[in-house]
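Chains as they are written, first to last, in the numbering used here: chain A, 1 to 429; chain B, 1 to 264.
The set of hints was computed from the structure by calculation and includes no laboratory data.
Incorrect hints may appear among the rest.
[As the list claims (entries may be wrong)] Some chain B residues judged to face chain A by a derived CB distance under 8 Å, without partners named:
1) T11
2) L15
3) H18
4) L64
5) S69
6) R83
7) T85
8) I86
9) V101
10) D105
11) M109
12) W117
13) Q145
Because the structure is a prediction, the values reported are computed rather than measured.
Where is the CB? At the ideal position from N, CA and C, for every residue including glycine.
One letter stands for each residue in the lines below.
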Amino acid sequence: MDDPVNFWLDFWNVLTLQSGYNATLVILGTTSLGFASGIVGTFAVLRRRALMADALGHATLPGVVGGFLISLIFGATGPEILPLLVGGACSGFLGIWAVQCLVRHPRVREDAAIGLVLSTFFGLGIVLLSVVQTSVSTQTAGLDSYIYGQASSMTRVDVLTLAGISVLVGLISILLRNPFGQVCFDADFAATTGWSVDRIDLLMMGLVAVVCVVGIPAVGLMLVVAFLIVPCAAGRLWSTRLFDVLMISGLIGGISGWFGAALSSSLPNLPTGPVIVLVAGAIFLLSLFLAPRRGIISSQWSAYRRNQRIAEDHALEHFIDHEDSVSTDGLIKLFSVRGWSARKINRLMRRLQAKHFVEFSSSVWSLTPTGRSRGLTIQRNHRLWTQYLISHADVAANHVDWSVDQVEHVLSEDLVAQLEDQLQLGSTP
Amino acid sequence: MSPIQRPEHSTNSPLSIHAMTVAYDRKPVLWDVDYDAPEDPQLIAIVGPNGAGKSTLIKACLGLVPRASGLVAFRGKPLDAVRSTIGYVPQRESVDWEFPVTALDVVCMGRYRKLGWFRPVRKKDRDAALLCLDRVGLADLADRQIRQLSGGQQQRVFLARALAQEADLYFMDEPFAGVDAATEQAILGVLREMKREGRTIIVVHHDLQTVPSSFDEVIFLNMRVVDSGPVADVFHEDNLRKTYGGRLTMLAEAAEAVARSERR
Chain A
1 MDDPVNFWLD FWNVLTLQSG YNATLVILGT TSLGFASGIV GTFAVLRRRA
51 LMADALGHAT LPGVVGGFLI SLIFGATGPE ILPLLVGGAC SGFLGIWAVQ
101 CLVRHPRVRE DAAIGLVLST FFGLGIVLLS VVQTSVSTQT AGLDSYIYGQ
151 ASSMTRVDVL TLAGISVLVG LISILLRNPF GQVCFDADFA ATTGWSVDRI
201 DLLMMGLVAV VCVVGIPAVG LMLVVAFLIV PCAAGRLWST RLFDVLMISG
251 LIGGISGWFG AALSSSLPNL PTGPVIVLVA GAIFLLSLFL APRRGIISSQ
301 WSAYRRNQRI AEDHALEHFI DHEDSVSTDG LIKLFSVRGW SARKINRLMR
351 RLQAKHFVEF SSSVWSLTPT GRSRGLTIQR NHRLWTQYLI SHADVAANHV
401 DWSVDQVEHV LSEDLVAQLE DQLQLGSTP
Chain B
1 MSPIQRPEHS TNSPLSIHAM TVAYDRKPVL WDVDYDAPED PQLIAIVGPN
51 GAGKSTLIKA CLGLVPRASG LVAFRGKPLD AVRSTIGYVP QRESVDWEFP
101 VTALDVVCMG RYRKLGWFRP VRKKDRDAAL LCLDRVGLAD LADRQIRQLS
151 GGQQQRVFLA RALAQEADLY FMDEPFAGVD AATEQAILGV LREMKREGRT
201 IIVVHHDLQT VPSSFDEVIF LNMRVVDSGP VADVFHEDNL RKTYGGRLTM
251 LAEAAEAVAR SERR
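Chain A extracted, bound-state conformation (with noise of 0.2 Å):
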């Protein structure tokens, strides 16, 4: 990478598909693989099974070092994807069912499961890793990419089955997600209507252990949960429904897919998975910041929006109860129980008259006809809320987002009549 002019030539070219038929082939099947996990991974993520997916996946190294000595014996010379998939998966089952063995034994928590199994049938790999390095060593280049992933040493064939399988996976989600999400919301409710909640978590849990497996080749088995978590903890940042939740974790999942295979295959010896992993991990910072309504910045900035109305509303409503002209300096005894700086009232004050509510001139603050009028209602619905929570305070709590502006139409005509009628009783004694 020593021109940056060329790495960008090269990174443009990778990812707009015109870098020869090979890292095309690399980005076509995590671009497919990321879709399918993005989407799966929030079923697994909804019903809490995301962990789970962890432990599947580093459960599959003892079945890959296995399945690989058990394709030497069948007198195969190098690791070959097939056997080392098979016995992947079957490990990785393996792993699952000792996780749900445990979680029967009432001193055994899920937390605590899925920790040891994950470890120990890891530490297991390695060693098995270690053992079969040091015996059988010419024969077991590209052995270890399984830990880590490295997509540009796989065969066209691989790629074509990865993306054909996942892309199927992606589908399947996407059409089961009826089922799906009711199980994942409440179970209980979808045993009591019918449904087979058991037969359900197979296949969504048998999903997910298929894109795992099928992505290990690729990204690693160390990180592939993290391609079934991020796109969907980005995704639901975005949206509160499912379905959409769905749609933008695959488009996520497959963005991360894309531009993570094409950097990592213009720079230098950086393996797959954990570039694509880093990409997923941007993508949700950025929507962490981003996104609307449930995003840092939009979030903040309402709230600053709703602070700073607030305070001229309090402010407006001084100026009624107050009347008169008020000099700026008597603008801090008017404000003086709200407790603001003269830095916070300067802005204000500027803020109000841009609006036109309020005027300077011959160096006393004074309200216009609009700034009273406005004052007015403020005031007037204000009075109207205090008398609604007194009024109904049983059912005032059912009306959470409510602003001063929004009384009249929170509240239906009648009530508003009924409630100023109680307001003129209250004033005249």
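Starting from the known structure of chain A, fit chain B onto it as the hints suggest.
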């Protein structure tokens, strides 16, 4: 000890429980429960102290927890033959309210089983779900994410989902827990309406005070059925004492409840 009297179980009863025992970890939670719901639609309360097995009773009827022994029949038929005619309202705390669904989506779930594995939710289903939301007074909050609803509203969304099931027999686990008085009245109004439509509703209930005014029939439960029958016949201090034991506060509350029911 007198031999256990078994009532003759009617095949017309919407729910008959016959000698049902449920155990967790070898420790029995429910012992030899016998109950026949009246044939005509009723609002039935299950009352009893904490740990009496109230939730377990309805979960065992619904097949959510395994029975150690006994039979449950719905108009003489086993559960699997009548699932589509049985509705369920679980406890509000049993689900994750951060889940990415809107109120309307949750109500639509009441119809998922009818849709089967592959069919998507269509306009017809959404319209039906919206009507159910309207019946519980939440039509204008249909598109809210469920986390943005208050506790009482969440409870009503669950009720609307149950309405969407269009069942004949309903089990409800503490539908009045943590709701304000107005919501309680609203929910009760819907339950009464459902009863008028010919549905039997069995409610796990914790508030003894409202039993006489709100329910037709009551089951006193404390690991076994202490007594059951029409409120007017069985809701008296003797049964309350047998059910709640010597707990003073409970007894005081019970006495007050009885006094209230006698004034009626």
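Does L15/B pass the interface hint, meaning its C-beta sits closer than 8 Å to a C-beta of chain A? Status violated, d = 14 Å.
Once the shortest beta carbon distance from H18/B to chain A is found, is it less than 8 Å? 20 Å, violated
Hint status (Cβ of W117/B to nearest Cβ of chain A, threshold 8 Å): 6 Å, holds
Let me know if the C-beta of Q145/B comes in closer than 8 Å to any C-beta of chain A, holds or violated. 4 Å, holds
Given V101/B as an interface hint, is its Cβ closer than 8 Å to any Cβ of chain A? 6 Å, holds
Can the hint on T85/B be confirmed by a CB-to-CB distance to chain A that is less than 8 Å? Not OK, violated: T85/B not within 8 Å of chain A, min 11 Å.
Report holds or violated for the interface hint on M109/B, using the least CB-CB distance to chain A and a cut-off of 8 Å. This hint holds: M109/B lies near chain A, its Cβ roughly 5 Å from the closest one there, short of 8 Å.
Interface restraint verdict for T11/B against chain A (beta-carbon cut-off 8 Å): This hint is violated: T11/B lies away from chain A, its Cβ roughly 22 Å from the closest one there, beyond 8 Å.
So, R83/B near chain A? Judge it on the closest CB pair being under 8 Å. 4 Å, holds
Holds or violated: the hint that D105/B contacts chain A, with Cβ atoms closer than 8 Å. 7 Å, holds
Any CB of chain A closer than 8 Å to the CB of I86/B? Check passed: Cβ of I86/B comes within 7 Å of chain A, closer than 8 Å.
Holds or violated: is there a CB of chain A closer than 8 Å to the CB of L64/B? Holds, because the Cβ-Cβ distance from L64/B to chain A comes to roughly 5 Å (cut-off 8 Å).
Going through the hint list in order, the structure does not satisfy hints 1, 2, 3, 5, 7.
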